[in-house]
Each structure stands twice: as structure tokens, then as C-alpha cells.
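Take each chain as given, in its own frame, and dock them per the hints.
Residue numbers (the UniProt record's numbering), protein chains in the order written: chain A, 1 to 216; chain B, 1 to 220.
In the DSS-like style, the derived pairs of lysine-lysine whose C-alpha atoms are separated by at most 30 Å in a straight line are:
| # | chain 1 | residue 1 | chain 2 | residue 2 |
| --- | --- | --- | --- | --- |
| 1 | A | K152 | B | K45 |
| 2 | B | K68 | A | K145 |
| 3 | B | K194 | A | K48 |
| 4 | A | K191 | B | K68 |
| 5 | B | K47 | A | K120 |
| 6 | A | K82 | B | K82 |
| 7 | B | K66 | A | K152 |
| 8 | B | K161 | A | K82 |
| 9 | A | K195 | A | K215 |
| 10 | B | K161 | A | K4 |
| 11 | B | K82 | B | K161 |
| 12 | B | K66 | A | K99 |
| 13 | B | K145 | A | K129 |
| 14 | B | K131 | A | K141 |
| 15 | B | K156 | B | K199 |
| 16 | A | K145 | B | K120 |
| 17 | B | K120 | A | K40 |
| 18 | B | K120 | A | K129 |
| 19 | A | K120 | B | K145 |
| 20 | A | K145 | B | K66 |
| 21 | B | K156 | A | K40 |
| 22 | A | K195 | A | K141 |
| 23 | B | K161 | A | K48 |
| 24 | A | K40 | B | K161 |
| 25 | B | K47 | A | K141 |
Bear in mind the hints are in silico, worked out from the structure with no lab data behind them.
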Amino acid sequence: MTVKIVGFEVSPGVLSVMMCLHELGVPYQIENPASWQALKDEDFIANKHPFYNNYSGKIPVLCDGDYTITETRAICRYLVSKYQGKYNDTILIPNDVHKAGLVDQYISYEYSYYTPPVAKLVVEEVFHKTSNPELVETSQKEIDKVLNVYEKLLNGKEYLNGEFSLADVLHISYTHFIFSSTKYADWWNKKPNVKQWWDRISNRDCWKKCVEKIKF
Amino acid sequence: KRNKMTIRLIGFGNSVCTIRVILCLKELGLSYKLTPHAGGYAALKDKDYLANEHPFGKVPVLYDDKFKITESRAICRYLAFKHQGKHNDTILIPNDIHEAGLTEQLISYGSSYYSPAIEKIVMQEIYEKDKGKTPDPVVINQGRKEIEEVLNVYDKILEGKEYLNGKFSLADLILCPITHYAHIAKHSDLWDKKPNVKKWWNRLKNRDAWKKTLEDAKNA
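Pulled out of the complex, with its shape left as it was, chain B reads as follows (with noise of 0.2 Å):
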């Protein structure tokens, strides 16, 4: 069954937050477009990107026909509101009043605790390394450590549970990107180490969508 909307997505293909919102289209079973913003990172701070698509000079950016909205957490937020149930089953944020607070408290957690500390280390092995910097090896320590500790509370929230909230939600959606490129660069020990994040790791990267995103993202 297609949708007879034009969801229209402009970001990066090799851009962690660009690569959750189509992760987040994927789940919901929403067909849209990508457009690389001609110029590439260079360009999102042109004054005409800055006036017209993102104020702080930032991907991703969707459209859902007419309407704009920016911020990958706040865009799938929007997505599962309004497009949740209508084409697949799944749901990524609970109906239930309760529940939902739950997802939200852990959507805070990744944005406060596991994101930062894996975004050290991203960007030292992969966005320096491609700036053609040698990776800070104190930096990647420190945030070798970090991951390790933020991992070890992941663990206990996941004792008897298949994902973050019991259900598949948003919350875990979110943080599949930024673990990727963990595993990318060559940490996927830390993930390892830890039985319950290891078993979540697997079940999120298996998941159909993960796997359509990425080819997304490769062709993008």
C-alpha cells in the first residue's frame, strides 16, 4: 500500500542523525526522498541554508509535503505521532501515558549518557581520521571508560528484557547509528563484554529497517 504523501528527507547518508530519521521512516513503513544538500557539510552554513532549512547549520531536515521540521529526535518524534500504526504495526512511542513517560526517560538517557560518551570516540576515529588527524589516544581512552560505565547501567536496564523499554520503541531506535559507528570504529568489544547489550545489539541490528537503512545510506 503506497502513501500518497511526499515525505522529503535533506541530510547525509554517512550522518549518524540523517541515518536515524531513516531508520525511523523505515520502521514506520514510510517511503520518502533524500536529497544531499548540494556541497556537501561545507554548504549547511551558507546564509541561504541557514535562512531557509536549519538556523544552526545542521542535517537532518524533513519535509512532510508542506511542513518543515529539524532535529533528528524531534522530527521522529513527529513521525511516530502522526504516521505510527497507519502502515505497519509498529510503535515506536506507547500509547499508554505511563509507558510512554518510560520511553521518553530512556530517549534522555541515550541523549545524555550513551550518545556523549560514544560521540567522543566517533569522532576521533572516524570524522578526524577523515580529516586526515591521527586519532587522540588519551581522548579515546577517556571515552573508552565512559562507554564502559554508561554500558554497565544499560546492562542492568536490559536484565530480562529484549529492548530498552521491554518493547521496541524510539528509544532504541535512536541510538542504533551512533552504536554502528562504535562498532565501525573498532570498539564493538565494549558492546561485547556486556551479555544483556550484546543480545539488544544483535536483535537491533537484524531487524529488517536497520538493514534497509543502511543500503539506503550506502547509496545515498
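If we strip away everything but chain A, and leave its shape as in the complex, we get (with noise of 0.2 Å):
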């Protein structure tokens, strides 16, 4: 097989390229870089992820044969130009060039509001293991100022843009750690429509075998 996601079975943005490539069902391996810090060497810097912080350097990184690419949701959309409709039905960006727009204005919504403060809080409680009330209060207020525009986004609707796409695929990684690791589930399991939508997606067939796959 010719895809491999470069990168660790814990970070949100790995799984959500794993859960596109079975979505697509588009066989895969993964290679783990040697550790976290290995991310910021120069080898990997010159030639998978030329980004880095204090914490590490960055991953997913897919290399699909000779192609190197990076960037969780940009490996997402090149996954589905390429491989959509090749491997089975499953349609995550429309062919129509009105709906695949409103799919993007939502992976929009996910990455400019949605993301930023569940990620906040995933990654101090989860993955760095640091209780912060403060934290945790400005999160709630936060989130839930989101949720309720979703809940109302969701008004009648299964999925975000009406049938399930990319949009729904890049919201579960970072939710499915709020729910398997933290209190605050809640949050969610209180908006009626939010919580049907979570069960939907969460309860996918691909969405548990990349669950299996987690290394935690």
C-alpha cells in the first residue's frame, strides 16, 4: 500500500486523517517517529513538517507514495480529491459546488470555533495532565456559547450540512477525549440535537476502529 501517516495514534490531528482514510476505506499504515522530540530534528524539519514550538514538532504528516504532505485538514481534502468514490459510496466533500462550499464554511466553523477552546481544554486536562479550574470555567462559558449555535445549526438535521461530510469527520477527535478522559461530557449530552449528532458520528464503524487504534 502507498499511504502512511507519519506520527503517533493519540494526536487529534492523526486520527482524524485515520478516520478519512477509512471513511474513504483507503488502506494505510502508520510509522511512528522515533519520540515527540524526534519531530523537531533537522531531518524532519527539512523534509516532513518544517514547523515547530516548545513542545515538539508537528504531525500528521502523509507521505502517499513519493508525495509528502502536511496539515491535518488539507491531507483531508487532498485524501478525498484523490480517493473519493474510488474505494466505496462514501461522499465527504459533494461534487456540487454549492454544498461543497457549505461543507467548507462548517470545517470553517470547526477550526475558527469549535476547536480552539475544546482543544484548550483537552490538551492542559488530558494530555498534559494539569488540573486548572480557571481553565476549566472559561472553557465552559466558551463551549457553551458554541454548542448553542450548533444546537440550533443542527435543527432538523443529522449532520451539519444535512448529510454526513468532512465537516462532522473533523469534530470527533478532540470531542472523543472530552468524553473517554474528562467530566465534561455534559456539556454536550445537555443540547438535545448536539447529543444525537455526537452519538451519530461517534457511533460510526470507522470512527471505533480508529478508536481501537489509540495509543494512550
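The structure is reproduced here in C-alpha cells:
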């Protein structure tokens, strides 16, 4: 098989790409780097992903034969362009330009409004294992505002754009850690449309396969 | 050749994201009508606006005839996929899957690393100043360090290239407005220090579409 993810199966970005590959039916391998520190090695920076911060370099990186591409959402868009419809019938980005535009809009909502507060909380509490009651309080307010919007967006809809799409996929991995490793699932569950949406997307076969692979 | 469709844009002439969409429209050779939202930025939180235009209270919002779409990068992609190559030769997202993927990667570098670093400074130097507050020197120093680190990477990316992915693309376009504001905020020295980055910005700001965009933004 030619598709390889470089990364760790606990990174929400890596999990999003895995979910995308499963949904499209594309076989793939995962290569674990030697360590998180190794992501800042000269070789990795030069040949895989050029950005890094104090903690580590960046994953996922996707290798498709000779082709290398980074950044989770860019990787997913590429995979959809290349493989959608080739292994199965699943449509993650509709062919109709207007529907595709709306999926892109919802991906932007995910990136701009949903993921930042959720990720901040997950990274602190779940990955860094720090207890920060002030952060929990601010996160709850922010996330509640966002979920109020989502509650309206999901009115009369099973998925953000009506049909399941890449926009829903990209919401899954960080939210999973809220449900699996924190006490804050309630913030989602108390909103009926949001709860149903989460139950629907987190119970997809493909996501269950990804969860089995989480190394945490 | 006039396009018969009606593109209407809700936004403001001093909004980075609105300017981004105007630039995209100009690059694609599309005409449009800009409607500022009555009541200004404060009115974006009105119940009406949240219910009918943008649920998170943001600009811009684009109407292509009856089709409504929000979020500037999503709007730009939509415009590219629908209109590119129809009114002129400008291709914003390459047709080749692999080149398109690299363009998307660069767009993501812009959202993840380039824009956030600059936004810190622009918020302080322009938006806070507008509200009558003094820019925080600590935040500005930190912002400058971050920008420098990002521009180090961009200088390497641009080695031997005129634009981020070789040919001009959406990846370059998206970064024009925020870069322009960084220069207005008097931090152009950071771009001038890096030879490839300096040439790249010079190229971008001399494009016809950018000049026309600045005109439209001024008159908005």
C-alpha cells in the first residue's frame, strides 16, 4: 500500500486523518516517529514538517508514494480529491460546488470556533494532565456559547450539512477525548440536537476502528 | 465582458477577512456589491444578524445570487471552484490534485502559523489603538519574535520561487490583507529582513487586483 501516516495514534490530527482514510476505504500504514522530540530533528524539519514549537514538531505527515503533505485538513482534502469514490461510495466532500462550499464553511466553523476552546481544555487536562479550575470555568462558558450555535445549526439535520461530510469528521477526535477522559461530556449531552449528532458520528464503524488503535 | 450574476458581500472596508474576499473577487475578474452592515461591528451581535447572516456574528457573508456562504477562506475556495478560469486566466487552486494539495497545505500554514503570529501585533497596534488603548509592549515583543520565526520558515519555502507554491495561488492571496496591516502597523522591517519574503511581498502588493482591492476598501 502506498499511503503512510507519520505520527502517533493519540494526536487528534492523526486520528482525523485515520478516520478520513477509513471512511474512504483507503488502506494505510502508520509510522511512529522515534519520539515527540524527534519531530524537531533537522531531518524532520527539512523533509517532513517545517514548523515546531516548544513542545514538539508537527504531525500528522502523510506520504502517498513519493508525495508528502502536511496539515490535517489539507491532508483530508487531498485524500478526498484523490480517493473519494474509488474504494467505496462514501462522499466526504460533495461534488456539487454549492454543497461543497457549505461543507467548507462548516470546516471553517470547526477550525475557528469549535476546536480552539475544546482543544485547549483537552490538551491541558487530558494530555498535560494539569488541573486548572480557572481554565475549566472559561472553557465551559466558551464551549457553551459554541454548542448553543451548533444546537441551532443541527435543528432538523442529522449532520452539519444535512448529509455526513468531512465537516463532521473533523469534529470527532478532540471531542472524543472530552467524552473518554474528562467529566465534561455533560456540556454536550444536555443539548438534544448536539447529543444526537455526537452519538451518531461517534458510533460510526469507522470511528470505532480508529478508537481501537488509539495508543494513549 | 460583464458577468450577469449578482454577488453581494456584507462586510467592512477595514476588515481583514472582508478585504481577503474582495481580493479574491478581483483576482477572478468578478464584479460584486459591498454592503456594510448597518450599525457597524457592534450590530453583528444582533439577534437578526445571528439568525439570518452569520451565527457567530462575523463578516464577511457572501451571497452568490440566492446562495449564501460565510467564512472568508471557505468563500474564496467556493469562488475559485465555481468561477476560476471563466472570466480570466487566473487559477487560484490548481487543477492537478497534488499541486492543489500543496496549495491547501500552504493555506493551512497561513491559518496555523503565519496569521496568528501577525494578528497578535495587529490587534494591539491597530484595533486596540482604535479603542483608545495603548499597545502592550510585552505582547508586541512576543508577537515580533513569533513572526520572525515564521518568516524564517517562509523564507526557505520561497527559495527559488516567486510565490509560495511556485505560481500565484489562493495560498498567497489569503495572506495579503494581514500582511498589509502588519506593514501599516509599522512592523515591515520583519519582512524586509528576509530576502525571499521581501521580494514575495513586493510582488503581491504590486498586483493589479491588490491595488484595486485597496481602492474598494478605502471607498467602502
